[in-house]
Amino acid sequence: LSTKIASIFRNSLSEIPVKLATIPPFLILVAPRHTPSKRSYRYIIPDRQIILDNDIVQLVCVKCGKTNHGQDQPHDFFSCDECYSKESSSLTISTTDAKVLCYCRACLTKLHKDRTHEIVNHTTRKIDMNKHKLNLFAVLCIETSHYVAFVKCKQQSQRHEWLFFDSMSDRIHNEKNIPLVDRVPDFDRWIDDAEQDKYFFEDLDRVRSQARPSSQKFDENGMRQLRLFRDGAFFFYENSSVNYQ
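At the far end of the sequence shown sits residue 231, using the numbering used here, and the numbering has no gaps.
The hints are simulated quantities; they were obtained by calculation from the structure and are not laboratory data. This list has only true hints and no planted wrong ones.
FRET-style restraints, in silico, Cβ to Cβ:
#, residue 1, residue 2, range
1, Glu1, Cys50, 24 to 30 Å
2, Asp178, Arg(-4), 17 to 23 Å
3, Ser195, Cys50, 57 to 63 Å
4, Thr95, Pro18, 40 to 46 Å
5, Lys119, Asp67, 19 to 25 Å
6, Ser26, Asp172, 24 to 30 Å
7, Asp205, Leu(-1), 36 to 42 Å
8, Ala219, Gly51, 33 to 39 Å
9, Thr(-11), Lys96, 43 to 49 Å
10, Ala219, Asp41, 23 to 29 Å
11, Glu129, Ser71, 51 to 57 Å
12, Glu206, Asn116, 33 to 39 Å
Using N, Cα and C, we set each Cβ at its ideal position, and we do this for glycine too.
Make a model of the complete structure from these sequences and hints.
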């Protein structure tokens, strides 16, 4: 009946199997479809946050090139600023924050053994990918040729609000479309209810069977919830913690 877009993303990576080569500044996830007009899932919950853990991002040892991809590969990777500063001139890896600069355990152990007298104190840390998070900032919803969007707008003091945009909210003399932009103060609560209430989508199904989302029989919240969970097609995420200069 329903699933989360993050679960779809993780499952697709494991089935291929592949991992992301870098930490992305933005990520666009697309709802899978059986046919151009039929989605694979009746309802999709947009996760407000996706953690880029080791199952999603590929770690590569800058020394030997080993990765965390595959069961026979090392899964513990470490960073050492002192070792990297000594070797950076001989390495060809980009220094952008989007790349996770790290060493596998074997290479790090050998480096520390060889540089015992060069570097007294090594600042060694195990790579923790859980600090890298992608935050939802928009959902584009499509019903036939009718597009609407939910967009997160940032305000002062790190606060934000969700807005609903509909380019075809109404028409003048059946000729010109009238757009609509409106606040959606309950957006976060809708996500919470969808995740926690096991009857949430059964109730939405009853609403869905009554009429199309454009019908006047729908109350405003019911229509918008249906557009979000039933018609969500593209899910936009951003990483605000990484410098991509």
